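One-letter residues, chain by chain:
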Amino acid sequence: MSRTRTARAGALVAILVTGVALTACTGNTPDTATQTGGQAGVKVANDEPGEKVVIGFSAPAADHGWMAAISAAARAEAEKYSDVELKVVEGTNDVNLQISQVETFINDKVDAIVLLPFDGAAMTPVALKAMKAGITVINVDREFDSPFAARSTVLGDNYGMGVSAGTYVCEKLKGKSDAVVAEIAGIDSLPLTQDRSKGFADALGECGLNVDNRVAAEFTVESGEKAAANLLQAAPRIDAIWNHDDDQGIGVGAAIKNSGRSEFFLVGGAGSANVMREIKADNGLHKATVVYPSTQGADGIRLARLAVQGKSLGDLVEVEVPRQVELFAPVVTKDNVDDYLPTAFES
Amino acid sequence: MSENTATAAVAPTSGPPDGGRARRAVTGILGSAAGRNTGLVVALVLLCLVGVITAGDRFADVDNLLTILRLASVIGVVSVGMTFVITGGGIDLSVGAIVALSSVWATTLATQSVANDAHWSALVFTALAVGAGCGVINGGLIAYGRIVAFIATLAMLAAARGLAEILSNRKTQIVNVPGFTAFFDASVLGVPVLVIIFVVVAIVGWVVLNRTTFGRRTFAVGGNPEAARLAGIDVRRHTVLLYTLLGVCCGIAAVMLIARTTTGSSTHGVLYELDAIAAVVIGGTLLSGGRGTIAGTVFGVLIFTTLSNVFTLNNLSISAQAVAKGAIIVVAVLLQQRLARRGDT
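From first to last, the protein sequence lines stand for chains A and B.
Using my numbering, the first residue of the first sequence is number 1, and each one after it goes up by one.
Using my numbering, the first residue of the second sequence is number 1, and each one after it goes up by one.
Keep in mind that a hint or two might mislead.
[What the hints assert, rightly or not] Straight-line C-alpha distance at most 30 Å; calculated DSS-like pairs for lysine-lysine:
#1 A:Lys87 with B:Lys325
#2 B:Lys171 with A:Lys132
#3 B:Lys325 with A:Lys80
#4 A:Lys198 with B:Lys325
#5 A:Lys132 with B:Lys325
[Claimed, not checked] Estimated spans, in silico, between C-beta atoms of each pair:
#6 A:Lys80 with B:Ala322: 26 to 34 Å
#7 A:Asp63 with B:Ser121: 49 to 57 Å
#8 B:Leu334 with A:Asp47: 34 to 42 Å
#9 A:Asp47 with B:Val45: 22 to 30 Å
#10 B:Ser319 with A:Ala254: 26 to 34 Å
#11 A:Gly134 with B:Asp185: 39 to 47 Å
#12 B:Thr213 with A:Ala133: 48 to 56 Å
#13 B:Val45 with A:Ala281: 35 to 43 Å
#14 A:Gly134 with B:Val50: 47 to 55 Å
#15 B:Val50 with A:Lys198: 27 to 35 Å
#16 B:Ser113 with A:Asn283: 53 to 61 Å
Don't read these hints as lab results, they were simulated from the structure.
Keep in mind it's a predicted model, so treat the numbers as computed, not measured.
Every residue, glycine too, gets a C-beta built ideally from N, C-alpha and C.
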């Protein structure tokens, strides 16, 4: 927790940018005018080719659909720009190895490094080293514990995910004060899971509901199946379930199918393409999912390019690239699913 | 530099030792010293050539060399310890977990406040003590509890990482001991302290294995424990010592990892057991025991880290790297076997 606090405090110019990069619309209103399928909505002068930027990109092992999508989206984003050369070293959960990857970038004298650390604190020393060497470091998703270790930070909003899910459940269950709400969390000891759960409980509290049954899985399909089976056993009647993660949601779906129950609706988390297709077809229990953008790495690439070229973030008056960008966690329903499907991750 | 044969290489079931065996061991050291590591040197040189051809000056650069060596240091220290255990006829699957536990224990708030009040070396001693303690337990279970090494250390693998998660509450613990960080961040004549530690551990390991009674006993115990017992060696005590030695090496590796990341975490050292065993095996140490080489292990570690560096420089994926790693293990072992057979005839 203290890590988050220091970084937050350090982020003096922290601003909140809504769904900044790939989504054509902002907020939850479907924008029929610009169905550009994953292309950036606003064409600004920033997209004009500038000086050449060499960017190094490093992320943890792709042992989850979301993480695999992070690297893929970053590569795809870099290819859109003729002035960006991307070096990708992917996939390690060994901090020792990830440090040496970043050291290689420093030796190579890249212009910028976009880094999704396996462990933010453990990667801080080498990020500091890169910044001292004059390299623009963009920190993605897992924060460093020093404000000097990155020029700019791109974060998802875990608390906001919980709030979005809770608010949606409140809307759907309006007037049913005795409704039973259940929650299938991710890895329980992680701060991000605690943030999501807190947001969910806070939002439910606003409309007089609370979490009646709560179980925790581990972001994997089999753990999702196990947790959901236990939950269904424990609660004879449920009105709504929020599942934190769509990858473990595959297992949750299997458990629900085995139980033959269908008296509730399901809200997903993270926003996988699977779940969004189910929402679009409206043929399953998933009525909504809450996005935790898997395009954070891609946003990191854009910010790195802008920061190195000395450009500002389009649509902002501010001259410099912001210190921190916290992405919005929108609710995806049948009404707006087409806007989010192109950037959703395949689990 | 070194390659020893305490028993006939492929026969751990050979008869009790005689006077000739000791003599053969001595000639083994001298006779095959140069020849046995040729395959590894060739492999490393080939890898470097590939590096120079594909990445040019970016590979053949002092900074890049230091990057490779820093990466090799942590896993290298563990591998040196692993060489002893495997030479002594054992195996340890728990090294990664012990590294994690040592790193967590050495960075708890309690340890850090002691380190800040007294001296930063308190942090180092804690890590070494935790590592040694785990080693004693491993060795004790195997030698006196008569649990197969594979099972005993598998249990330690699960338990040590679990304990590390409990101690740290699964959070990453940040080190705030200025003296510690300053010491390990430094370089002597351009060589980082971490690399110096690796070199020292490797040299000490080589001397102990090849030039001391302890080393000779290790070969004897690994080659034929029953014969070693009849020859008057306390095999059980020696087994405990071997695992303790490896535990201490894990403690050293934990200190190095703490220095490199300024953190202790229960996620440190994941799968280090496989990296270490792979390095030891391609180095030419016999998995069934009785034959071991520190120099080979060091080459093994360098081959893997150089491979990883060449892949990083060329933008290749970690998955392709894993495939290449598997291929190298098989080729190296086949090559070693062929060379060994030629050496015997």
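Verification of the supplied hints:
no., hint, result
1, A:Lys87 with B:Lys325, "holds, 22 Å"
2, B:Lys171 with A:Lys132, "holds, 27 Å"
3, B:Lys325 with A:Lys80, "violated, 33 Å"
4, A:Lys198 with B:Lys325, "violated, 44 Å"
5, A:Lys132 with B:Lys325, "violated, 34 Å"
6, A:Lys80 with B:Ala322: 26 to 34 Å, "holds, 30 Å"
7, A:Asp63 with B:Ser121: 49 to 57 Å, "violated, 38 Å"
8, B:Leu334 with A:Asp47: 34 to 42 Å, "violated, 54 Å"
9, A:Asp47 with B:Val45: 22 to 30 Å, "violated, 47 Å"
10, B:Ser319 with A:Ala254: 26 to 34 Å, "holds, 27 Å"
11, A:Gly134 with B:Asp185: 39 to 47 Å, "violated, 19 Å"
12, B:Thr213 with A:Ala133: 48 to 56 Å, "holds, 50 Å"
13, B:Val45 with A:Ala281: 35 to 43 Å, "violated, 59 Å"
14, A:Gly134 with B:Val50: 47 to 55 Å, "violated, 30 Å"
15, B:Val50 with A:Lys198: 27 to 35 Å, "violated, 51 Å"
16, B:Ser113 with A:Asn283: 53 to 61 Å, "holds, 59 Å"
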